[in-house]
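**Q** Sequence:
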Amino acid sequence: MKTFLTRIVKGVFGTAYKLLSALLPVQHNKVVIASYREDHLGDNFKDVYEKLKQDPSLRIVLLFRKMDKGLIGRAAYLLHLFSSLYHLATCRVLLLDDYYFPLYVVPKRKETVAIQLWHACGAFKKFGYSIVDKPFGPSSDYLKIVPVHSNYDYAVVSAPAAVPHFAEAFQMEQKQILPLGIPRTDYFYHQEHIRHVLDEFHQVYPELKHKKKLLYAPTFRGSGHHQEGDATPLDLLQLKSALNHKDYVVMLHLHPYMRNQARTEEDDFVLDLTDSYSLYDLMAISDGLITDYSSVIFEYSLLKRPMYFYCPDLEDYLKERDFYYPFESFVPGPISKDVPSLVHDIESDREADMKRIEAFSQTFITHQDGKSSERVADFISSFLTSGAD
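Letter 12 of the sequence shown, counting from 1, is numbered 12 in full-length UniProt numbering, and no numbers are missing.
These are calculated hints, taken from the structure and not from any lab test. Keep in mind that a hint or two might mislead.
[Said to hold, decoys possible] Distance condition first, Cα-Cα at most 30 Å in a straight line; then the derived DSSO-like pairs of lysine-lysine:
1) 134 to 144
2) 212 to 355
3) 134 to 46
4) 110 to 51
5) 211 to 355
6) 240 to 337
7) 66 to 10
8) 30 to 2
9) 110 to 53
10) 144 to 2
11) 144 to 212
12) 30 to 371
13) 46 to 2
14) 175 to 211
15) 30 to 46
16) 304 to 246
17) 108 to 18
18) 10 to 53
19) 66 to 125
20) 175 to 213
21) 10 to 126
22) 134 to 66
23) 125 to 2
24) 125 to 212
25) 46 to 144
26) 337 to 126
27) 46 to 213
28) 211 to 51
29) 371 to 125
30) 108 to 134
31) 175 to 51
Model the full assembly from the supplied sequences, consistent with the hints where possible.
**A** Structure below.
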């Protein structure tokens, strides 16, 4: 039934797009920025948008809509996607940061340039065509109907080291994968803003000023919008008992697709700041990071602060998802599979890891100059100003 409905939707979208393309010209000053990850302009788009907006001749259209749960939520989301076809058919540049169904089921116009500004920095967990027929990847049968990640003209990555992996994941040629840098990493070069965030945080939470603040950012486990299992695999109550909680506080930040999960109860040790602060603000505030398989490790490496990898399900995750590199030699920090080991790592002097973090950062984030947004905006503008394909 699901396959039948997907074919119907694909046919309707394709027909509507063809009709719009036949009737309407491409607007060579039009940029569409689209995402279903969030309902607003996210970190990876924000600075690019601000730079493009400086040109008053451009028309910039924002298409943001998260899918709500239930039949009504799905129907409303589908209606939003269908209504977006007009903009997809008439834009010169389409800028994405994730999976985007409408693009995969239409015969994209040659005049339209689709640029994938993928939400994850670096190349860590396998995704896209690298995990076909794996539990959290697309199935071969689905790809016959919906060729995901098709119709991209370019993808932007953080470093040359990521190029072959993104080419594999998107089934693109390596020359189409551009290591221009990830725009949201520019955040770490806005020192005045970071000072303001720190001051504001300590005004709200003065009791935390002299505590060590650990950011806990677990990876999203699932496919589509749906989390599999617990949102927070780490037993935070056990961690509180094992650590001297008078010296530490854990700041929790969940992935956008995990925010509807049952949330952790807050106390003097755990603060769920998912809805209060951006992930990047919490990175700047924190003294260390606890994660498992999240790509946040790439951006966090710019801060040169310790990282702790809590991975009790590593063997299962390797079978279900896998990585582009051998996990245990790749990550720039200690790996633990139980809470006592994690506590030992946190309380140990990890100065030796700083050299690993520095080397990791240099390998996977080539442009450490705060100008990635500018490079991406200039690349987009080259199509809008020249009118060339």
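**Q** Each of the hints needs a verdict: does it hold here or not?
**A** Consistency of the hints with the structure:
no.	hint	result
1	134 to 144	holds, 16 Å
2	212 to 355	holds, 22 Å
3	134 to 46	violated, 33 Å
4	110 to 51	holds, 25 Å
5	211 to 355	holds, 25 Å
6	240 to 337	holds, 17 Å
7	66 to 10	holds, 20 Å
8	30 to 2	violated, 35 Å
9	110 to 53	holds, 25 Å
10	144 to 2	holds, 14 Å
11	144 to 212	violated, 51 Å
12	30 to 371	holds, 23 Å
13	46 to 2	violated, 36 Å
14	175 to 211	violated, 47 Å
15	30 to 46	holds, 17 Å
16	304 to 246	holds, 25 Å
17	108 to 18	holds, 9 Å
18	10 to 53	violated, 33 Å
19	66 to 125	holds, 23 Å
20	175 to 213	violated, 42 Å
21	10 to 126	holds, 27 Å
22	134 to 66	holds, 25 Å
23	125 to 2	holds, 28 Å
24	125 to 212	holds, 29 Å
25	46 to 144	violated, 35 Å
26	337 to 126	holds, 21 Å
27	46 to 213	holds, 27 Å
28	211 to 51	violated, 38 Å
29	371 to 125	holds, 26 Å
30	108 to 134	holds, 28 Å
31	175 to 51	holds, 25 Å
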